[in-house]
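Engineer: Take the sequences, apply the hints, and build the full model.
2 protein chains.
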Amino acid sequence: MPSYTAPTKDLHFVLHDLLQISTSDVPGYADLDADFTSAILEEAAKLGQNVMAPLNASGDAEGCRLENGMVYTPKGFKHAFDQIKAGGWNGLDLPEDFGGQNLPYLIGSAVGEIFVSANMALNMYQGLTHGAISAILAHGSDAQKATYLPKMVSMDWTGTMNLTEPHCGTDLGLMRTKAEPQADGSYKITGQKIFISAGDHDMAENVIHLVLAKAPGGGAGTKGISLFIVPKFLVGEDGSLGARNGVSVGSIEEKMGIHANATCVMNYDAATGYLIGDLHKGMRAMFTMMNEARIGVGLQGYAQAAVAYDNARAYALDRLQGRDVTGAKNPDGPADPLIVHPDVRRMLMDQKSFVEGARAFTLWGASLIDRAHRMQDKDADGLISLLTPVIKGFLTDKGFDMCIQAQQVYGGHGYIEEWGMSQFARDARIAMIYEGANGVQALDLVGRKLAQDSGKHVMAFFEIVKTFIKENENDARLEGFLVPLKAASKDLQAAAMFFMQRGMKAPNDALAGSTDFMHLFGHVCLGLVWARMAKAAYAALESSTSDRDFYDAKIATGRYYMARHLPATALHLARIQSGAETVMALDAAHF
Amino acid sequence: MPSYTAPTKDLHFVLHDLLQISTSDVPGYADLDADFTSAILEEAAKLGQNVMAPLNASGDAEGCRLENGMVYTPKGFKHAFDQIKAGGWNGLDLPEDFGGQNLPYLIGSAVGEIFVSANMALNMYQGLTHGAISAILAHGSDAQKATYLPKMVSMDWTGTMNLTEPHCGTDLGLMRTKAEPQADGSYKITGQKIFISAGDHDMAENVIHLVLAKAPGGGAGTKGISLFIVPKFLVGEDGSLGARNGVSVGSIEEKMGIHANATCVMNYDAATGYLIGDLHKGMRAMFTMMNEARIGVGLQGYAQAAVAYDNARAYALDRLQGRDVTGAKNPDGPADPLIVHPDVRRMLMDQKSFVEGARAFTLWGASLIDRAHRMQDKDADGLISLLTPVIKGFLTDKGFDMCIQAQQVYGGHGYIEEWGMSQFARDARIAMIYEGANGVQALDLVGRKLAQDSGKHVMAFFEIVKTFIKENENDARLEGFLVPLKAASKDLQAAAMFFMQRGMKAPNDALAGSTDFMHLFGHVCLGLVWARMAKAAYAALESSTSDRDFYDAKIATGRYYMARHLPATALHLARIQSGAETVMALDAAHF
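Chains as they are written, first to last, in the working numbering: chain A, 1 to 591; chain B, 1 to 591.
Quick caveat, the hints were computed from the structure, so don't treat them as lab data. Using N, Cα and C, we set each Cβ at its ideal position, and we do this for glycine too. Check each hint, because a few of them may be wrong.
Here are the computed distance ranges between Cβ atoms for each label pair [as the list claims (entries may be wrong)]: (1) Met497/B with Tyr538/A: 32 to 42 Å; (2) Asp552/B with Thr326/A: 50 to 60 Å; (3) Lys456/B with Val483/A: 32 to 42 Å; (4) Lys329/A with Asp547/B: 52 to 62 Å; (5) Ala589/B with Lys46/A: 37 to 47 Å; (6) Glu542/A with Lys466/B: 50 to 60 Å; (7) Tyr538/B with Gln501/A: 49 to 59 Å; (8) His167/A with Val325/B: 17 to 27 Å; (9) His590/B with Arg477/A: 12 to 22 Å; (10) Gly239/A with Ala589/B: 50 to 60 Å; (11) Lys9/A with Val325/B: 45 to 55 Å.
Structural biologist: Okay, here's the thing in structure tokens:
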């Protein structure tokens with residue numbers, strides 16, 4: 001059976017040593033002293049470790065089932081869901097007006113990592129609700145907010161996002177679901193939506209579906225799309241639940257993973273829906289949800305790698321097999337632990353250095369969101385908009401790879417479901433696909449975000465890297481971080497330059513290199529946060545006499561990242577600079 | 001539902017244009033004219049496409065079950081197994097004395113790709129039998145051969161390999177299974193073996209287990225290990241089946257994939273066993289089986305990628321989503337096919353160029369085995385011994401990655417089991433683990449094979465590359481192949497040099513870079529076979545007026561490999577040259 005121990009110390013390091021939140025000027029951050037964040041993280045850890053994680057494997061094995069139109073979640077899920085609900089965890093970073101605690105998004109993200117590592121499928125019921133709340137907060141009327149938000153913040157009701165249809169995934173312009181206006185101002189929604197995560201279940205009284213559909217008069221393609229609230233049970237003016245709406249579950253998909261989350265085919269049969277936001281501006285409203293959702297998915301990518309690493313580490317320390325070639329480390333035992341072998345260490349260091357870097361990168365991103373929202377900081381908003389596809393695409397691609405590598409540490413046992421390593425990989429796999437497949441993230445990065453506001457945000461990113469290097473170039477301890485960071489950053493600039501020079505004339509040159517660019521960018525981001533973490537660790541070693549091993553390990557782990565991961569930037573640049581020629585040479589008929 | 005079309009044309013190209021088997025001096029190759037190999041491949045394709053492939057998804061969904069000590073395979077498997085048997089496919093490359101057809105191993109491998117792509121789990125029952133036959137052929141007495149081989153070649157009986165125990169995987173010295181000598185010369189075998197593929201089933205009359213166990217007097221560690229034949233039903237002198245032996249199935253493992261192959265816990269309870277080969281020399285006998293088995297597993301890696309690619313290609317041509325940024329390609333339809341998008345093409349070209357290169361590399365390797373066996377060519381034997389861990393480790397790592405990428409082409413549908421892309425990835429995953437996890441392959445390559453016969457074989461490999469480049473350097477058409485091949489080969493030599501200079505003094509420096517070296521080596525091998533295939537394709541274009549599109553596509557696909565895959569050698573070299581320092585820096589307690 002896999003286990004889980006929340007990395008509260010590492011989270012503390014990122015929040016306080018790296019991001020130094022208690023002295024930050026972001027409104028609300030000053031309240032977040034070490035005692036306060038520790039108390040929250042410890043409570044989250046208890047819930048994750050003792051309640052959610054023990055249901056992860058059993059939930060995977062049992063899955064959800066549809067009986068007589070009702071969706072049933074696996075044994076124990078309702079009980080765990082009730083405890084998440086009772087703890088008010090869903091409202092942690094939501095407005096007090098609707099029952100939340102108004103803590104920063106950053107804290108919600110730190111807690112989110114713990115819950116996702118503990119039980120990704122279970123946490124998704126909450127995560128989807130959170131996304132739907134964000135959309136209603138941003139685009140709903142006051143009446144809609146009053147009707148839906150208190151119950152959703154408390155998780156008496158959960159939420160969903162309905163975009164995809166059988167013939168239409170990324171290309172939402174092909175959408176067929178229709179919204180017919182009614183005399184009372186509502187709409188009748190008719191059509192079929194697929195891949196609806198948390199589409200229905202037996203843990204909440206009501207499910208509030210946010211549904212994209214085409215209302216008359218909007219024109220072709222995505223222009224005609226509007227966003228609607230479609231509750232499973234209609235809600236009376238007094239907030240009471242009324243009749244069942246015309247929405248039903250057609251089936252639950254059989255998937256590679258996240259079996260305990262019901263991925264539903266939803267059939268809308270003249271269901272009553274309420275327009276949210278402006279008519280025919282549904283795409284814009286949906287994107288509000290999507291940007292935060294994408295960071296949440298990036299977090300899933302590294303959180304699965306984190307729990308997989310946690311288990312691989314334990315296994316490598318415990319499993320006796322072979323001998324250290326430089327001399328037995330466990331001479332009285334029948335063999336040495338796996339961890340003595342350099343190739344096993346390589347795998348563990350790959351995982352550890354990725355996970356810790358990804359955590360720092362994601363939480364830095366979350367702090368940018370707080371800065372953007374709480375201070376109306378346009379630069380922070382632009383920067384996180386640029387980094388969002390990198391967080392989503394790079395961290396989920398790499399997070400999956402690291403789950404596979406953690407599984408590999410187990411040898412044959414890694415392939416056996418009982419050990420749980422297969423589930424981490426199978427669950428992590430979806431994060432590369434949903435909320436925009438990673439190729440779409442790369443397209444968003446190269447096709448939109450790079451040139452946004454005349455390239456201002458990517459220039460700002462380069463400036464951050466340059467300034468950090470300049471400010472620290474006299475610190476000899478950081479040389480092993482700054483030299484590779486500089487080289488990697490130069491590769492990133494060369495790639496951006498290649499796109500600028502060629503992208504206008506030959507857009508395929510940029511598009512053929514988009515995924516490599518996303519990975520190149522991701523490596524530079526992790527190189528940057530590792531250099532910053534090394535600096536923070538050296539500072540802590542100077543000011544404190546305790547936990548020296550922890551800070552030393554942090555620096556050693558960062559050095560590994562710089563030596564072994566970061567050189568990948570040159571490969572990505574070489575691929576980018578090879579352009580579109582070899583990619584596009586074959587006629588479609590000759591594949 | 002996934003589909004499968006056997007790549008008979010590509011196999012023909014490798015056999016005849018690249019390897020030019022009909023004019024080869026290897027005994028038996030002269031009989032293999034194009035008509036003959038086409039007839040075989042077409043028959044294999046029919047069986048694979050029409051009989052085996054249609055059972056792949058259903059076999060995965062149903063899995064095997066153990067009831068009252070009996071293992072039952074999924075619906076339809078027995079029928080398909082009988083057809084493989086009736087066609088004499090198992091004996092294709094086995095001696096005529098025992099009912100085989102004595103065709104080259106190369107032909108067996110080409111057919112093997114088709115069967116593995118069609119249904120890996122089903123093919124394993126045959127594959128394991130083939131491995132057991134090889135061991136009996138190499139080490140069995142004449143009487144043992146006469147008793148077991150005819151029935152195994154015909155697949156009336158199947159075979160297994162029993163190495164692993166719960167506490168002992170790679171480190172076989174920890175083995176506990178005991179063999180007690182009996183007065184009649186037989187042994188009583190007692191112990192538990194796990195992860196026994198095709199351990200039992202309902203398709204054959206008998207199962208012949210090859211079991212490693214410790215007989216008294218052999219000393220500690222692997223020295224005391226001997227190899228035994230342990231039949232499920234004892235065999236009388238007349239070949240008739242007698243009493244059930246003391247071997248039983250404890251359970252069937254729940255695995256990530258290959259559900260239709262019964263992976264059994266086998267309990268030996270004073271089971272009657274017969275020593276095969278020399279007492280206490282069991283490891284050597286096992287390695288005979290293992291080298292060919294490892295090439296077979298490498299083949300599984302790329303064969304799963306091949307069928308996954310075949311489906312991804314079809315999906316990308318069929319699925320309409322979005323528009324070509326350079327202008328609509330399907331203006332009358334609602335959208336263009338996925339294949340117009342450069343990032344989708346990148347994924348498909350990654351897969352196509354890997355699969356075709358891997359096929360050529362593996363079949364070249366198979367031809368070296370024929371040369372070694374049929375001509376007692378020691379150089380060929382040494383070279384294939386060097387390349388075996390590369391074929392196994394590199395092709396299964398990359399093959400899995402390519403299955404994941406093929407799955408990614410499907411977007412959300414890739415995650416749904418119904419589409420079959422998940423199964424290709426889940427099935428391919430095991431190939432990175434069994435027959436020696438890929439880290440063990442890398443260790444074998446760097447720790448043993450590289451220095452074997454004073455490094456003679458790796459020098460021979462470099463000579464092959466060098467000679468090819470020299471012989472063709474005036475052919476301007478090949479410049480795009482020779483320049484990158486030369487650079488990649490230089491990286492490989494630098495890595496080998498690094499190990500030679502540092503490996504003796506600091507073995508961890510070599511071990512910490514072993515997996516990167518295996519991948520670096522793999523890329524050079526694929527670069528070499530692609531350069532050769534390009535040359536062969538140009539030759540065909542000169543001599544023939546038909547199939548020009550096929551040969552042009554071959555060259556274009558090779559160019560992609562050289563431009564996009566091969567630059568990875570520099571990254572692997574950088575990692576190798578960073579040495580063991582960052583890998584070994586952390587104390588085990590600080591992971």
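Engineer: With reference to the structure, classify each hint as holding or not holding.
Structural biologist: Now the hints, each set against the structure:
Methionine 497/B and tyrosine 538/A have their C-beta atoms about 36 Å apart, which keeps the hinted 32 to 42 Å range intact. In this structure, aspartate 552/B and threonine 326/A meet the distance hint of 50 to 60 Å, their C-beta atoms being roughly 54 Å apart. At about 40 Å, the beta-carbon gap between lysine 456/B and valine 483/A stays in the expected band of 32 to 42 Å. A hinted range of 52 to 62 Å holds for the C-beta pair lysine 329/A and aspartate 547/B, which are about 60 Å apart.
Distance hint for alanine 589/B and lysine 46/A: a CB-CB separation of about 25 Å, inconsistent with the stated range 37 to 47 Å. In this structure the hint that glutamate 542/A and lysine 466/B lie 50 to 60 Å apart at CB holds, the actual value being about 55 Å. Separated by about 33 Å at the C-beta atoms, tyrosine 538/B and glutamine 501/A break the suggested range of 49 to 59 Å. Between histidine 167/A and valine 325/B the CB atoms are about 21 Å apart, so this pair conforms to the stated range of 17 to 27 Å.
Against the hinted window of 12 to 22 Å, the Cβ-Cβ separation of histidine 590/B and arginine 477/A comes to about 19 Å, which satisfies the hint. Our hint of 50 to 60 Å for glycine 239/A and alanine 589/B holds, since their Cβ atoms are close to 55 Å apart. Distance hint check: the CB atoms of lysine 9/A and valine 325/B are about 47 Å apart, consistent with the given range 45 to 55 Å.
In this structure, the hints that do not hold are numbers 5 and 7, in rising order.
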